[in-house]
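Assemble the whole structure, with the sequences as input and the hints as a guide.
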Amino acid sequence: MEGFAGRAFRWTATGAGALILAVLAAVAVFLIIRAWPAMSARSGELSEKINWFPEGQSLLQFIGPLVWGTLLAAAIALIISMPLSVGIALFISHYAPRRLANTLGYVIDLLAAIPSVVYGLWGGLWLIPKLQPAWAWLADNFGWFPPFAGPASDPPRVILSVSLVLAVMILPIITAVCREVFLQAPVLHEEAALALGATRWEMVRMAVLPFGRPGIISAAMLGLGRALGETMAVLMILSPGALYSLALLKVGQQQTIAANIALQFPEADPLGVSTLIATGLALFVITLVVNMAARAIVARRKDFSGAN
Amino acid sequence: MKLSLHRRVGAVALTGALAISLAACGSDNATGDAATAGTDTAAASDLSGDLNAAGSSAQESAMEAWRAGFQATNPSVNVNYDPVGSGGGRTQFLEGGVQFAGSDAALSDEEIETSKETCVGGQAINLPTYISPIAVVFNLEGVKELNLSPAVIAGIFDQKITNWNAAEIAADNPGVTLPDLAISPVNRSDDSGTTKNFTDYLASTAPDAWPYKADGVFPVAGGQSAQGTSGVIQTVQGGNGTITYADSSKVGELGTAKIKVGDAWVGHSPEGAAIAVDASPRVEGRIPTDIAIKIDRNTTEADAYPLVLTTYEIACTVYADANDAALVKAFLSYVVSDEGQTASASAAGSAPISAELAAEVQAAIDTIKAAA
Amino acid sequence: MAKRIDVKDLNIYYSDFLAVADVSVDIEPNSVTAFIGPSGCGKSTFLRTLNRMHEVIPGARVEGKVAMDGVDLYGEGVDPVAVRRSIGMVFQRPNPFPTMSIAENVLAGVRLNNRRISKGDAQDLVESSLRGSNLWNEVKDRLTRPGSSLSGGQQQRLCIARAIAVRPQVLLMDEPCSALDPISTLAIEDLISELKDNYTIVIVTHNMQQAARVSDRTAFFNIAGSGLPGRLIEVDATSTMFSSPREKATEDYISGRFG
Amino acid sequence: MTTLTPTPAGPPDLTPDSTADTRALLAGMDTRRRVTDKVMTGLVVASFVIALIPLISVSWTVLSNGLDRFNLNFLSVSMRGVFGGMDAGGIYHAIMGTLEITALAALISVPIGLLAAIYLVEYGRGALAHTVTFFVDVMTGIPSVVAGLFAYALFAVVFGPGVRFGVVGAVALSVLMIPVVVRSCEEMLRLVPNELREAALALGVPKWLTVVKVVLRTAIAGIGTGIMLAVARVIGETAPLLITVGVIDSINFNVFDGRMMTLPVYVYRQYSQGLVPCNDPAAICIPTINYDRAWAAALTLILIVMLLNLAARLLTRVFAPKTAR
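Residue numbers (the numbering used here), protein chains in the order written: chain A, 648 to 955; chain B, 111 to 482; chain C, 364 to 622; chain D, 71 to 395.
In case anyone wonders, no lab produced these hints; they're calculated from the structure. Any given hint might turn out to be false.
To be verified - Derived DEER-like restraints, expressed as beta-carbon distance ranges:
1) B/Ser218 / A/Glu827: 53 to 63 Å
2) C/Ser556 / D/Ala269: 40 to 50 Å
3) C/Lys428 / D/Val119: 31 to 41 Å
4) B/Glu227 / D/Leu377: 47 to 57 Å
5) D/Gly230 / B/Asp413: 29 to 39 Å
6) C/Pro545 / D/Leu380: 31 to 41 Å
7) C/Arg494 / D/Ala269: 43 to 53 Å
8) C/Gly440 / A/Ala940: 45 to 55 Å
As the list claims (entries may be wrong) - From the derived model, a few chain A residues whose C-beta atoms are all more than 10 Å from chain C:
9) Thr659
10) Val670
11) Ser690
12) Ser705
13) Trp715
14) Ala840
15) Phe858
16) Leu869
17) Ser892
Unchecked claim - Mimicking DSS-like on lysine-lysine, the simulated pairs with C-alpha atoms at most 30 Å apart in a straight line are:
18) B/Lys254 / B/Lys368
19) B/Lys479 / B/Lys404
20) B/Lys368 / B/Lys270
21) B/Lys323 / B/Lys404
22) B/Lys270 / B/Lys370
23) A/Lys696 / B/Lys323
24) B/Lys439 / A/Lys696
25) C/Lys482 / C/Lys503
26) B/Lys439 / B/Lys368
27) C/Lys611 / C/Lys371
28) C/Lys503 / C/Lys371
29) B/Lys226 / A/Lys696
30) B/Lys323 / A/Lys777
31) D/Lys108 / C/Lys428
32) C/Lys503 / C/Lys559
Quick caveat: nothing in here was measured; it's all calculated off a predicted structure. In this text, a Cβ means the ideal position worked out from N, Cα and C, and glycines have one as well.
And the structure:
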């Protein structure tokens with residue numbers, strides 16, 4: 648028996664749940680509608696009407712390099728930060744003395760909350776001037792490896808610098824999630840490993856990492872999502888280009904979707920805005936795919952997960 | 111429970127107190143100048159309201175000075191300027207988002223046509239408010255000044271001349287020790303009036319070396335680039351062997367090039383820029399109050415510096431709102447007044463427009479009116 | 364391969380708190396020794412000092428001597444990792460690694476030392492260990508299923524298989540049946556009797572009948588009050604302990620008159 | 071190997087010889103494992119130290135560069151009338167803008183988020199609940215700049231293009247904040263033991279009252295913490311505010327009309343204004359004034375975020391049930 652108040656409450660709550668779907672649908676629908684003029688433009692129309700649109704390209708040809716740049720910057724950031732984050736998280740959860748670990752955990756939480764514009768400021772003003780010798784060294788010694796082909800640009804407003812700042816940015820986020828997961832690794836399994844004669848590292852490998860794998864994956868995806876959508880740090884550091892380029896140490900090679908939107912939006916006429924929103928739609932789809940892939944990976948391992 | 115209740119009340123009280131004290135202690139009197147606070151009633155006008163503008167980031171320094179000066183005598187007026195770039199400013203103006211726009215390029219005939227809708231019954235007019243030399247700026251250790259001909263500048267920015275000790279550069283700079291160092295040309299990454307004037311200059315003076323047309327978007331890819339005048343200057347400062355083109359007001363300590371005009375080498379200066387502008391014709395086919403200037407890049411006037419940017423305020427001849435019209439008139443009149451021109455020259459290092467031009471612009475401003 | 368353990372004057376601490384005081388006991392090879400006593404008396408804590416699992420807890424330490432065949436486990440040149448390898452342990456709650464299959468669970472300890480064990484050897488070892496823990500017939504057709512798919516009693520036997528796969532000298536069991544149903548308990552008890560042919564077994568149990576059923580010798584631990592250290596009251600052959608204990612406290616506990 | 075000793079008293083005499091293989095047995099593992107363990111320990115510690123370098127450097131540069139200008143005057147005045155290299159100006163307008171817009175965003179997202187979480191935990195079953203759960207996850211991944219575009223276009227429909235005022239920014243931030251609020255509230259509500267609900271229901275309390283009086287009250291500290299962390303998360307967003315709220319250098323308290331300044335945008339603006347050339351030798355001019363202000367504003371922003379985090383921690387501690395866990 649549910650009175651009027653009960654029914655009202657239930658419907659309000661359900662309405663709020665549905666509202667979320669409505670908001671998301673509104674975002675998606677709006678993106679598509681607003682991007683439509685650009686998507687349906689006849690060939691050549693975009694470069695004809697939009698100042699910054701490259702000559703003779705279609706919308707897809709325009710978005711392609713941006714998607715590439717976005718993925719490249721985020722992927723490198725993830726490659727840099729992932730092992731470090733897992734390391735820090737392990738240090739806090741299983742290596743550091745307990746009192747120190749609590750303090751460190753708190754510090755990491757605080758760092759995770761530092762706004763990205765601050766990281767951009769730090770990257771642009773403090774880090775960039777210091778990176779040039781390191782990148783020059785990389786280019787001199789590892790130039791045979793195509794991504795590190797030189798000469799390294801000066802100032803190093805290159806994709807590797809951007810990725811480094813992004814890595815620093817997502818480091819606390821990934822670490823915070825990993826640490827939380829590692830701390831939840833069942834003592835039961837840790838002791839089982841130790842009792843079998845495992846060293847600390849072997850115990851971590853046998854009992855902690857397998858248990859934490861879904862958590863590590865979602866942490867990585869969280870970090871990747873952040874890196875994919877990050878605008879300010881890229882805008883403040885990178886010398887953009889629009890190539891499918893692997894060169895990490897040269898300027899004018901890549902650009903990310905988010906930074907391109909922020910860069911061109913103020914100057915854009917209605918068709919330009921439409922084009923930018925089409926790129927935003929691409930970014931939206933990418934984050935959606937990343938999210939769903941992460942969920943699929945986590946779900947597939949449910950059988951062997953510790954959750955039972 | 112009782113304790114936590116106390117704490118709760120305390121926390122709420124504290125937050126409230128903090129908010130109130132925060133709200134009470136703030137002020138718009140940032141400079142400590144009494145006039146800003148509105149106490150100087152004698153000088154204060156009866157104008158009030160918000161005047162929103164957007165546009166060229168090159169105008170930013172000058173605009174800051176103008177706004178400070180204007181708001182000091184009109185404390186009830188807020189003049190806001192969003193330095194989104196010339197194109198953005200024009201777009202926002204044509205869409206009716208702002209009352210006037212700052213632009214480094216005059217409106218095209220097409221845009222003027224569009225503006226007739228925004229400017230209820232009137233049209234948009236271009237009002238030159240200052241001229242600014244575009245300096246070719248470089249960061250080269252031990253070198254403060256170089257002679258660069260249009261063809262060499264074009265070669266450098268087209269990434270054809272790639273080293274500072276290239277023969278082309280050395281030929282024009284006898285006695286200067288040029289280092290063996292890669293040249294990193296830096297361009298604007300956003301659509302900008304500075305780029306448009308710069309590429310127009312190269313296309314007009316060195317058509318052989320510069321195969322591109324005048325464009326607000328830099329046509330050559332693969333170089334350093336940054337957003338806004340400050341961005342490119344910051345990039346040039348951050349690297350060795352870098353070179354860019356930028357509004358001379360932001361140059362600071364960096365080295366600048368003398369460009370070749372006729373047979374002479376001319377450095378950037380406000381006076382040189384003013385000479386180049388005065389020697390240039392108007393854009394044809396416009397109404398008398400629309401003062402758009404077509405810079406003659408190939409001028410051979412003595413001491414003229416034709417790598418110059420004329421900046422415009424773009425306003426309507428007719429405004430739907432009377433207050434808007436009054437505010438625009440008052441502000442733009444201040445801008446072209448001696449006081450305004452001195453302020454921008456001091457803050458931005460720009461060249462004042464000549465007295466004759468100023469009189470013409472003022473006459474055009476006087477025709478701005480509100481719709482009946 | 365079974366070895367003896369001799370404990371002399373052992374004090375066990377958590378930081379500054381003395382948890383178990385002054386234990387001296389000899390554990391005979393190829394026998395089952397049971398530790399009984401009320402909750403909190405320190406029998407599990409003591410058990411964990413026998414393979415140096417105690418020190419995994421931050422701040423935990425011991426004073427005194429624990430010797431296996433005359434070698435002090437806490438002496439110089441002794442590696443705790445090697446100690447735990449030689450002295451296996453089965454826990455109160457079955458804890459197979461959830462991310463590993465049944466076979467992988469059995470091999471978990473072996474792979475630590477011998478990464479490149481051949482496929483044939485591995486299969487043989489899995490079979491012999493699972494046979495040793497009386498589990499082979501039940502799981503031989505599903506060795507690749509996750510260990511967590513088994514029932515509680517099967518899981519516990521899997522854990523025993525895992526422990527004996529590394530061929531330890533001694534097997535410590537910390538209330539191995541307390542989380543199991545009576546049938547599974549019986550299976551484990553049978554297994555313990557079989558295992559003592561090859562191993563020295565120490566078992567902590569709450570269940571006196573179990574101690575009486577499976578053990579050769581019984582040690583009784585007691586605690587005088589909270590905040591005080593647990594002590595070893597008496598140790599003797601199981602039959603003696605249950606028929607004519609020397610101490611009054613033992614008799615009270617065994618006859619259920621414990622307060 | 072060993073013989074059964076009949077005497078229970080004391081260990082048998084064992085010569086060093088007979089203990090030799092036991093000693094060898096206990097001496098340790100092979101070199102590979104020992105080295106692996108040492109190397110991995112080294113790597114773990116090293117990764118920690120390496121990661122600390124940039125993180126400490128961020129904190130340190132912000133602190134050391136920001137403290138110069140961080141004073142009462144800086145906090146209490148706006149940028150009105152400040153230009154060039156003037157040794158003046160502050161962030162009062164930006165602080166107020168940030169606080170108002172974020173508060174408004176919280177006002178929009180907290181009720182929606184909390185109610186949606188209640189729906190998911192207490193009522194949600196079947197397809198709708200699954201869909202909501204899934205799309206809340208998806209929504210977490212919306213890039214902030216896209217949220218900004220959305221809000222801009224939404225209001226542009228009504229107010230025309232070029233629309234820029236506080237509420238637009240608040241809506242953009244809400245899009246980013248709602249999923250975070252739902253997630254954390256959901257987690258907190260699920261932590262409330264079912265026994266509590268059943269006990270209340272068994273007493274004849276209607277379900278909605280049980281939710282309000284029992285479940286919400288039990289979870290209130292966690293919910294508060296979650297909301298504060300969500301606020302801390304969006305308070306530093308720059309890109310959406312840049313697009314939707316614009317910039318201004320005077321104080322504007324009215325979120326319904328006119329541009330507002332916000333702290334993150336202020337930081338970005340000052341950064342992009344760069345060094346001041348100081349052309350006029352007569353005027354007082356600090357070349358790095360824009361960067362100095364950017365650092366000081368960044369410091370203020372971080373302090374606000376830290377304060378929110380600290381408050382969240384404190385809230386958890388004060389309201390935490392004393393017996394639990």
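Hint by hint, here is what the structure shows:
1. Judged by the Cβ atoms, the range 53 to 63 Å given for B/Ser218 and A/Glu827 holds: they are separated by roughly 58 Å.
2. For C/Ser556 paired with D/Ala269, a C-beta distance near 47 Å keeps the hint of 40 to 50 Å intact.
3. Between C/Lys428 and D/Val119 the beta carbons are some 39 Å apart, a value that agrees with the proposed interval 31 to 41 Å.
4. Checked against the given bound of 47 to 57 Å, the beta carbons of B/Glu227 and D/Leu377, roughly 49 Å apart, stay inside it.
5. Between D/Gly230 and B/Asp413, the C-beta spacing of about 48 Å breaks the proposed range 29 to 39 Å.
6. Between C/Pro545 and D/Leu380, the C-beta spacing of about 54 Å breaks the proposed range 31 to 41 Å.
7. Hint check: C/Arg494 to D/Ala269, Cβ distance near 50 Å, so the stated range 43 to 53 Å holds.
8. For C/Gly440 and A/Ala940, the Cβ-Cβ distance of about 51 Å falls inside the hinted range of 45 to 55 Å, so the restraint holds.
9. Every C-beta of chain C lies more than 10 Å from that of A/Thr659, the closest at about 41 Å, which supports listing it as non-interface.
10. Annotated as non-interface, A/Val670 keeps its C-beta farther than 10 Å from every C-beta of chain C; the closest such distance is 38 Å.
11. Here A/Ser690 stays apart from chain C, with its beta-carbon at least about 53 Å from theirs, past the 10 Å limit.
12. Remark: the non-interface label on A/Ser705 is consistent with the geometry, its nearest Cβ contact in chain C lying 47 Å away (cut-off 10 Å).
13. Here A/Trp715 stays apart from chain C, with its beta-carbon at least about 35 Å from theirs, past the 10 Å limit.
14. Non-interface status of A/Ala840 relative to chain C is broken: a Cβ of that chain comes within 10 Å, the nearest being about 8 Å off.
15. For A/Phe858, the requirement that its beta carbon stay farther than 10 Å from each beta carbon of chain C is not met, with the minimum near 7 Å.
16. A/Leu869, annotated as away from the interface, keeps every beta carbon of chain C farther than 10 Å; the closest lies near 22 Å.
17. At roughly 40 Å, the least C-beta separation between A/Ser892 and chain C is larger than 10 Å, which holds for a residue marked as non-interface.
18. Taking the CA atoms of B/Lys254 and B/Lys368, the gap is about 11 Å. The hint holds against a cut of 30 Å.
19. Annotation: proposed proximity of B/Lys479 to B/Lys404 holds, straight-line Cα distance about 27 Å (limit 30 Å).
20. Between B/Lys368 and B/Lys270 the alpha-carbon distance is near 20 Å, which keeps this suggested pair within the 30 Å criterion.
21. At most 30 Å may separate the alpha-carbon atoms for a hinted pair to count; B/Lys323 and B/Lys404 meet this at roughly 16 Å.
22. Of the supplied pair hints, the one linking B/Lys270 and B/Lys370 holds, its CA atoms being roughly 19 Å apart against a limit of 30 Å.
23. A distance of roughly 16 Å separates the Cα atoms of A/Lys696 and B/Lys323; the hinted pair therefore holds under the 30 Å criterion.
24. For the given pair, B/Lys439 sits about 33 Å from A/Lys696 by alpha-carbon distance, which is inconsistent with the 30 Å threshold.
25. Annotation: proposed proximity of C/Lys482 to C/Lys503 holds, straight-line Cα distance about 16 Å (limit 30 Å).
26. Note on B/Lys439 and B/Lys368: the hinted pairing is violated, with a Cα-Cα distance of about 38 Å set against a maximum of 30 Å.
27. For a cut-off of 30 Å, the pair hint linking C/Lys611 to C/Lys371 stands: about 24 Å separates their Cα positions.
28. Pair hint C/Lys503 plus C/Lys371 does not hold up; C-alpha atoms about 44 Å apart against a cutoff of 30 Å.
29. With a CA separation close to 21 Å, the supplied pair B/Lys226 and A/Lys696 stays within the 30 Å bound.
30. Taken as a hint, the B/Lys323 and A/Lys777 pair is broken in the structure, with Cα atoms around 38 Å apart against an allowance of 30 Å.
31. Proximity of D/Lys108 to C/Lys428 is assessed by CA-CA distance (about 28 Å); at most 30 Å being required, the pair is judged to hold.
32. For the hint linking C/Lys503 to C/Lys559, the alpha-carbon distance of about 24 Å falls within 30 Å, and the restraint holds.
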